[in-house]
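*Asks:* Build out the structure end to end from the sequences listed, making use of the hints.
The working numbering puts the first residue of the sequence shown at 3, with every later residue one more than the last.
There may be inaccurate statements among the hints.
[Stated by the list, open to error] In silico DSS-like pairs for lysine-lysine, Cα to Cα no more than 27 Å straight-line: (1) 132 <-> 70; (2) 15 <-> 125; (3) 131 <-> 70; (4) 64 <-> 125; (5) 15 <-> 130; (6) 90 <-> 66; (7) 15 <-> 131; (8) 15 <-> 70; (9) 90 <-> 64; (10) 64 <-> 78; (11) 15 <-> 90; (12) 15 <-> 66; (13) 66 <-> 133; (14) 78 <-> 125; (15) 132 <-> 66; (16) 78 <-> 90; (17) 78 <-> 15; (18) 133 <-> 64; (19) 25 <-> 70; (20) 132 <-> 64; (21) 25 <-> 15; (22) 130 <-> 64; (23) 64 <-> 131; (24) 66 <-> 131; (25) 66 <-> 125; (26) 15 <-> 132; (27) 90 <-> 70; (28) 64 <-> 15; (29) 66 <-> 130; (30) 66 <-> 78; (31) 133 <-> 15; (32) 130 <-> 70.
[Stated by the list, open to error] Ranges between beta-carbon positions, derived for each pair: (33) 42 <-> 86: 52 to 62 Å; (34) 113 <-> 42: 41 to 51 Å; (35) 95 <-> 140: 27 to 37 Å; (36) 83 <-> 115: 32 to 42 Å; (37) 42 <-> 124: 12 to 22 Å.
Keep in mind that the hints were calculated from the coordinates and are not lab data.
Ideal placement from N, C-alpha and C gives every residue a C-beta, glycine not left out.
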Amino acid sequence: MAMTEFQVRICTKNAFPDMDECKEWAESWQNVRDHKGEVHPLTPHLTTLITARGSTIRGRVKDKAVTKVVSHYNFKHGQQPRQIEHNKTLAAQLLEDDGYVYEDVEASTGIYQHQILEDIVLKQWFPKKKKADGIIYGASFNPIPESTIAFSFHSSLLCSSPVDLWHPHQG
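*Replies:* Right, here's the structure in full:
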């Protein structure tokens with residue numbers, strides 16, 4: 003439970019906390035309950051295990067986000083010159099003035115309303131199961147915090163996604 007709650011804090015409060023903040027979050031639990039419901043005192047070893055979950059959750063969110071980028075932003079599969087040029091142009095358009103955060107990228111309208119945000123949050127925190135973390139920690143996601151919105155968009159476009167691969171300034 004403590005590790006999951008730590009991961010929720012990463013995604014809803016600060017995706018890249020410094021070590022002091024990580025330690026503070028981990029130490030906020032006097033005891034740690036394991037998957038069997040047994041309670042253990044918080045030790046330095048458990049604190050290390052909990053705080054190591056930051057990179058794990060960032061990787062999981064990134065992996066889920068990157069799978070959505072191609073379809074949501076209409077990138078083309080293939081290595082034909084026309085497909086490559088389309089993808090380079092699209093990547094530049096998405097990165098210019100943070101176009102990727104708009105529902106309508108071309109018109110720059112509907113800021114922070116692009117469908118990819120909902121899909122990332124649903125896939126990561128509200129998958130179709132009764133004990134989804136987003137349900138257990140529902141208060142952390144109602145309303146969706148600004149840091150979650152920023153982290154989701156960041157994950158979808160700036161973490162080894164097709165935009166990085168097809169950006170015109172890449173070699």
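*Asks:* So which of the earlier hints does this model not fit?
*Replies:* Result: hints 11, 17, 19 and 37 break, sorted rising.
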